[in-house]
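**Q** Okay, here's what each chain looks like letter by letter:
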Amino acid sequence: MSFASAGSFDPRGPVASEIADLWWLMLALGTAVFALFLYLLIRGLMRSDDKEAETGSRWFLLGGGVVLPAVIVTVVFAFTIAAMRAIPTEASSDPIVIEITGHQWWWEIEYPDLGIRTANEFQIPLGREVELRLTSADVIHSFWLPSLGGKLDLLPDYTNTLILQADEPGDYGGMCAEFCGLQHANMAISARATTPDSFNQWVSGQQAPAVAPSDELTEQGLKVFLSRECADCHSIRGTPASGDEGPDLTHLASRYTLGAGVLDNNTENLADWISSPQDHKPGIDMEDVELTEAELEALVAYLETLE
Amino acid sequence: MSDVSRPNLPRVRTPPTDPVLDELWSDPPGLLGKLKAVQNDAIGKRLILTGFFFLLLGGSVDSVVMRLQLAVPNNDLVSPQLYNELFTNHGSVTMFLVILPIFEGFAILLLPLLLGTREMPFPRLGAFAYFTFLMGGLLYYSATLFSAVPDAGWFAYTPLSGLEFSPDLAIDFWVLGLGVAEVGAIAAAVEIIISVLKMRAPGMTLSRMPLFAWAFLVTAFMILFAFTPLIIGSMLLELDRGFGTQFFNVDAGGSSLLWQHLFWIFGHPEVYIQFLPATGIISMVIPTFMRKKMVGHTWIVGSMVAIGFLSFGLWAHHMFTVGLSPIVGSFFAGASMVIAIPAGVQIFAWLATIWAGRPRWGTPLLFTVGFLALFVLGGITGVMVASVPFDLQAHDSYFVVAHLHYVLIGGVGFPMFAGVYYWLPKMTGYSLDDRLGKWNFWILFIGVNVAFFPMHIVGLMGMPRRVYTYPEGLGWETYNLISTVGVFIIVAGIGVFVVNLILSHRRKVPVANNPWDAPTLEWATPSPPLQHAWSIPPIVTSRYPLWDQDDLYSGSEGDEALVEALGQWPLRWRAVLATSTADAEPEEVFRVGGPSIWPLITAFGTVTIFAAELLKLRLGALAGMAVIVIGAIGWNWPDSPPITEEEELEFEMAHKIPVRVGGSLTVARWGMGLMNLFVGIAFMSILLAYFYLRLDNPAWPPPGIENPSPLAIISATALIGVAGWGFRRGLRRIREGDGDGLLRGTGVALLAALGGVVIAGSHFIGLEFSSQDHAYGSVFHTLGWFILVVTTAAIVMTALIVYWTVRGEYSERRHVPVSNVGFFWTTAIIVWVIGFGVLYLTPALT
Amino acid sequence: MKGATTDQPRWLTWHVLVLAGPVIWYLYFWVVYLLAEAGCSRAFPETQWFGVSWVALATLLLTVIACSLLAYFTFTAYSAARSNPDLIEPTREASLYALGALLGAFFLVATLFVGVPAAVLDVC
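Taken in sequence, the protein lines are chains A, B and C. Here my numbering runs 6 ahead of the position in the first sequence, where the first position is 1. Here my numbering runs 22 ahead of the position in the second sequence, where the first position is 1. Here my numbering runs 73 ahead of the position in the third sequence, where the first position is 1.
Worth flagging that the hints you see were computed from the coordinates, not collected in a lab. The model shown is predicted, which means the values in this text are computed figures rather than measured ones. Yeah, the Cβ is synthetic: ideal placement off N, Cα and C, and Gly gets one too. There is no bait here: all hints are sound.
Facing chain C, from chain B, some residues (calculated, C-beta under 10 angstroms):
no., residue
1, Gly324
2, Ala338
3, Leu346
4, Ile349
5, Ser352
6, Ala355
7, Ala357
8, Leu717
From just these sequences and the hints, can you work out the full model?
**A** See below:
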């Protein structure tokens, strides 16, 4: 899945709009200044008359060198401060609280008030403030959804708070924006903004424990999951699997990608990912899992039921 | 004179002593001679060539491979590991091993010519600076041989660069290799500051000093103020990695952000450390090629000084996304934006000069015009990223990559090319091809824009920096492909430059002394200049001596006689003239150091310490220390005086100016002053770390650690006070000619200080908490031992003074070393009192 | 070393007048920065003075003090530069005092840029 979008140019929420307005203002001023500068440079170099221009020099310096930048920068700074005031640092009323913890190289996502745990993909309701509490389990990462707002770092020793809001439905993607080691490039995150109704539907789906195996094949798959190393690191609520090193897989099948954006989540890719994650994302904690073909088929079939 | 060039150049004389002095100032022949070389020409050229070599090795190859990898999405040309190594290397090499040494090379090569003096003040320090830079670079690069190539970015953020997440030696190579190079950078900066302030030709007052020298004066001070915190930060990082301290360990009271603060307190000034020399070059090229004096000379000087200071209040604009409080963000945004004013003043002063003059279209002017265009664009995006909310989008995206390359290639690289095309013929004596130069310019100019302009757009679309690949379908493909094409155009441009260099070397078309009809002193010398540059030091009465002065030998009667005499005497030792700081009135004639192997040995000792830490051979560090001490003694060992006292006195009587064969008084005092400044900045950096950690921890000292008892430190402080008093008394006695009094005073100082350090040291060894227990313990021990090391340095110096006093070296007139050590004692005592005050008293507050 | 003008104190040499602007600004910047870091850190509780955050008040107060000092030094340097004859090639005094005046005026603006937003922004 991809999130083709013009990013910061195409704001879909109040914070991103505020920043985009600032950008277009600065772009206009910057272009004007640059055009004026180029004109003066070229005219100055091409001047054919041999007249003394000395008397004008002082005005050149004072006007161009002091007044012009001072005025431009004062305007930009004033709008900067205004934007800083407009961008909330605290939620105004009853936000959805989401705790995001950065890991090398995936995102752990928790809705503490709703009892949801997931990874790399989350949903938010339209038109309502979301309070993201960002922290890290290891090194510094940075959270960034360009269409919704600016970035904020995930630090191991602080919790930073980012207030975002989406005003239009859509999938908003982003990537980790602070270099965090080997697979920094493969650390995508995405937010799906939906109507409050479908958000609530998603919430109740995520709150539910995992679907129990319904046939022999998936039963077999769960057995593989529990008997092999999978359960050491992953949880599936409703089963004995409760590892907490890796992403929670209770609703794996409801996610669109595997490995924080490395592969689309479909049968073939899932099997591929389980048997050789190191081919797709070298250096991650998950080792290649040696399974027989039958075991793999059963495991994939089971995981695919985890809607 | 308001107009342009005049055909009649000032009369320059070639006295018969030219060949004798040239011979005297030449470095000895042969390989050993090359290793002993200290001459500024040799050191300057080596710095430039080594920097250019590192550029080709790191800057170019890396960037080409990175751009090939990013040409198409999901590319697997290189592995993620290799890609991370490439961008780490690209940033580290260009920031530490390319731009700075090349510019320091420019300064060391050109300043004596431009200022009208024969040498830099401490030639051996220059040689030491070069060797440490070279060895540091090689130590850094040797990581490749051990397959432990640094991969945490040129900024090496903790905790990623800590032992937990980077367990192999890669980061140690980064910290230690570059650490050695940083020592070299500081040494060269000391040289540059003193040469600009104390070594100018008679009459070259501060107001008449060329803008190039102003630029380097400000830059060199900035190097001292910026690299010192970096060295301290690197030391803390290495202590964490090698000695188990907890500065950056968040689980033991450390902070993940402390490193970022220390790094960017260096890192932002570093940008201006690279940019200001470039403005110095531009301010020399524009008057020459517009045939017009600079408009707004004082304004440009003011801008340089303003930028120099301001750049130390901008560092956190690299940290807007770490979650700063709004008010702190606004401080740094305000300070960052206001820098547009001095930058604007410079730009418009250049523009005004362009308007006032008539261009002569040489290659240096082309590069200057290209610089203006690219730099203004980079400056405009710079104001944008200073705006906190916008930076939250732009930060760590390709927008910033575009911005910084416009600033660093446009704002620094182009002036560098302008400078090379301008001065290289002067230094080699052979001209460069102007047509190829124009090709060089246009290809490079187009290449830079093709490569970097698209990055603005793709960055704002959401492409983060430092990713080894990116998915398709995001609309980033075309922009990335264009950038890759651009890099190949840049490579072609650099290729034309290299061809031009080779052709110049082959064709050997000689150039005149002043091919550009330029106004400043260096163009009065032959191309290439003599080893000693000036047989008769010039007398300056104008900012543009070659345009305004009829000759370079007219001034006050005394000055005329003095420079005339210096053209004939001395012919057996390397004499230079020191002048007063503001007015450039002659102050002394002194002897600078000649060829010596000791700078190389001392540099080797320095690199040994770092290499030993790398290999965890702690005894090796002691050996390195011993080599440094031996090296420093050999370096400063007094030669037998080359002249008799009568000869010396005769000159003194004739010219009313002291002759100091044993080394300069004022220059030595400046050297000690800068050394004290270095110690002071290092101390402040550790204090900053202390208070940062203190604010970061709710309890200080942390639960489980008791405030240590101050009794031992109080008694040690009393002894240090006695030592300071004793030394001061001794110094006063020798000023009255009382040698015994000096011995009594310094003897008391030595014993009391030893006692104080022993008491404080054993108290520290006996402390109940170690440096590994908690960040509190780490910073407590580090600050405490730092104070003790500074005091120990003062003790060693005092011991040498006592030794020489016993040998009867000092007299009423000659006791420069005593007052210099007294100067150092002042610093040591201030550090002691404030440092221990912070450690033992401040935890009681709140 | 003589003072800038005859009626000025003797310690007002060109060194002082050139460096006053940058140095005052630099010290001011560090003080307000460290105060803000301390005020927002875990170690110090948020205290209010007159119902306003003490950090904002302290910042504004320091801004006023720094600006007054800068204005004084700028004016002194400016009058010193004016009282020295400005020849075709400026004398040492005139051009160094002019430099001091330029730097003082610039850092006055820089101080305002740093300090004024404290009046309108949330502190922590």
